[in-house]
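Number of protein chains: 2
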Amino acid sequence: MSVTYAQGFKAAGVDAGISAKPGKKDLAFVVNEGPLDAVAGVFTSNRFCAAPVRWSRAAVADGHAKAVVLNSGGANACTGEAGYEQSHATARTAAELLGIEAEDVAVCSTGLIGELLPLEHVTAGVHAAYDALAAGEQAGVDASHAIMTTDTKPKTFAAQGTGYRLGGMVKGSGMIAPQLATMLCVITTDAVVSAGQLQAALGVAAEYSFNRINADGCMSTNDTVLLMASGASDVEPDPDEFNDLVAQACASLARQIVGDAEGASHDVKITVAGARSEDEALVCARAVAASNLLKCAIYGNDPNWGRVVSSLGAIPEQDAAFNADEVDVSINGVQVCDGGKPGRDRSEVDMTPREILIDIDLHAGEQQATVWSDDLTHEYVNINAAYE
Amino acid sequence: MSVTYAQGFKAAGVDAGISAKPGKKDLAFVVNEGPLDAVAGVFTSNRFCAAPVRWSRAAVADGHAKAVVLNSGGANACTGEAGYEQSHATARTAAELLGIEAEDVAVCSTGLIGELLPLEHVTAGVHAAYDALAAGEQAGVDASHAIMTTDTKPKTFAAQGTGYRLGGMVKGSGMIAPQLATMLCVITTDAVVSAGQLQAALGVAAEYSFNRINADGCMSTNDTVLLMASGASDVEPDPDEFNDLVAQACASLARQIVGDAEGASHDVKITVAGARSEDEALVCARAVAASNLLKCAIYGNDPNWGRVVSSLGAIPEQDAAFNADEVDVSINGVQVCDGGKPGRDRSEVDMTPREILIDIDLHAGEQQATVWSDDLTHEYVNINAAYE
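Protein sequences, first through last, are from chains A and B. According to the working numbering, the stretch in the first sequence is residues 24 to 411, in order. According to the working numbering, the stretch in the second sequence is residues 24 to 411, in order.
It is possible that some hints are incorrect.
Unchecked claim - Partial selection, computed: residues in chain B whose CB lies under 8 Å from chain A: (1) Asn69; (2) Ala100; (3) Leu135; (4) Ile136; (5) Pro141; (6) Leu142; (7) Val164; (8) Leu335; (9) Glu340; (10) Ala344; (11) Gly363; (12) Leu399.
Hints were generated in silico from the structure; no laboratory data involved. For glycine and all other residues, C-beta sits at the position ideal for the given N, C-alpha and C.
Sequences and hints are given; from them, build the entire structure.
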């Protein structure tokens, strides 16, 4: 159901001729018709952040935004002031059509870094999308298609709270890394909530979802997650329920990214328990998630726990306390490493499921963390070597 | 010429039946016949360091060693006290044959993590290698073959100082990462030098060679570099010349590892200049070297500088100072990124050479550092998914 599941939102997705793929929808427009226009955003921390990120960060800083324009087919990153002017012009075009200020329009772009967008196509696309704006299910679906790049399927979310709704869409399949994946995400709600409530809910939810997936360790220049509230349900939600729904939306969308990561044949859930602190558990889980050797082994259906522990062993002691002789590793429920030594025979591990569970116990404390990753396949290399 | 190029050293390489590959030489023996027995060692910092690393670190701590036994076909890592006892037994067997103490024999192993070695094969192999010990060129070549795993060719070094010689061999092609590659390396010299001189020379040389290559970002449990001096030339070398020769040996052997990295089709030299400090330059070079997306692009012969700058941008500001708007990137001499924006057209870059030069200028200071890396290819995935 995507972003139009929540009341008060219209959307569209059109083929603006930005992407090199003929006939592909490549421009999405999401409009918040109110009565509220509260917004919260989370953006990439990449120091080469793209022009649309700079624009949108400023646009949502006051907690208000009435629309978002998103395009695939070009990241508009590392494009200097000319690129920033393109993001500004895109917002201006949308704002003029809606009769609002450009500063109330966020802009998101995804695609190749280092090239300007074909601005006439973007402008014409915003006009076409404006004409196509609708509140129905198809409009939300169209928008979720328009933001796809190497994604093989649209990724959406819809859930009902007590008297209000939450909907969302995300794109992302490459450059998926700890500090936000290469992704554009818009989540909408018709609940009556303030921008502060939105930002609090989104900050926590993003930390435990988008910031805990790692497909290829590469941080994007364009990551953007926006959470917009229209208030159209006229319902003030229970804060805990609302936070929980936002967390569910982010978790679901992040999990869908992992499930559609470039070339992946396995989704890998890495849980590190028995850590002194959650941060230390996270450092360990991320180190394992980043191991190319482990990712290749999983592609080859080998529960190679030696590649798990050698990743852990590379972590400096001050970053995560554990004794190498006490570490246990289970893969899909079989404890293959027992106190840093061989445990049950790895031939007992069933590697056929798509989902691979790696459970590590450091035996150093009580805290834990989970990171999702993928395997490293021929198809990943194909996609990233022979792309266009 | 390998390790027997220096006078005072004998070596052998035999098929001991440790490796699963029929007929493959898998056990090397290097003996220092003196008159000196000075040694220096550098070892992995992985916290799951293998039994032979624990054994050898202790064995060379006093600056004396008379022999090394090296095996492929099994890493003897994460094997607990039983594994340590295997390393000890291997040293004891060699020591008994040579009429020396076990504590004067270093042991190195490489192969799969998490399994004990077939000790009878190792013991029989040490006996066979002892019988085959010789000082000639072929003996050094045999030893360099016996330590290979996924290496496609032996890697050796030989150089002449003023009245003395230096020889060496190394293995390594996977688990190649910043804090020592997955490698076993033995360098020999007949110069008259103390263990302290050896350690000083090796420490600096390893830092600028083995610690500055990164094929797949994975730190091994077994890395070992040994530098042994026999004093057989009776020549006390000029310290600067000697240090320089040791640096040349390490640089050459490290470069050979990059050139034979698993599945690589390009060797990538990443130089970061204009940094405030050498450490900050190194942080940047390593971040670029670790980008899977960049490595895939290079395999696809695309000079994708967006993947260079997005890697740089992921570095926290406190780890490396630079202004994203001032960063230049050249690939094979063509400045494709000029001040964070597009420079010359990337179609001008000739990507056909095996060696790809990525030159980054941060314009933040005067210091620089170089890291060698490789591309990420189908063959890398093959080797690490469908290995045996």
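Hints, one by one, checked against the model:
With its C-beta approaching chain A no nearer than about 4 Å, B:Asn69 sits inside the 8 Å limit, and its interface hint holds. Given hint, B:Ala100 at the interface with chain A, holds; its Cβ is 7 Å from that chain's nearest Cβ, closer than 8 Å. With a cut of 8 Å, the hint placing B:Leu135 at the interface with chain A holds, because the nearest CB-to-CB distance is about 7 Å. The criterion of a C-beta within 8 Å of any C-beta in chain A is met by B:Ile136, whose closest approach is roughly 3 Å, and the hint holds.
Interface restraint check: B:Pro141 against chain A, minimum CB-CB distance 15 Å, threshold 8 Å, status violated. Because the beta carbon of B:Leu142 sits about 16 Å from the nearest beta carbon in chain A, more than 8 Å, this interface hint is broken. The interface hint given for B:Val164 is violated, since its Cβ lies 29 Å from the closest Cβ of chain A, which is over the 8 Å cut-off. Taken as an interface hint, B:Leu335 checks out: its beta carbon lies about 7 Å from the nearest beta carbon of chain A, inside 8 Å.
With 8 Å as the threshold, the beta carbon of B:Glu340 comes within range of chain A, its nearest partner Cβ sitting at about 7 Å, so the hint holds. Taking 8 Å as the C-beta cut-off, the interface hint given for B:Ala344 is violated, the closest approach to chain A being about 11 Å. Residue-level restraint check for B:Gly363 holds (minimum Cβ-Cβ distance to chain A is 6 Å; threshold 8 Å). Restraint check, B:Leu399 versus chain A: the minimum CB separation of about 6 Å is within 8 Å; hint holds.
Comparing the model with each earlier hint shows violations of hints 5, 6, 7 and 10; every other hint is respected.
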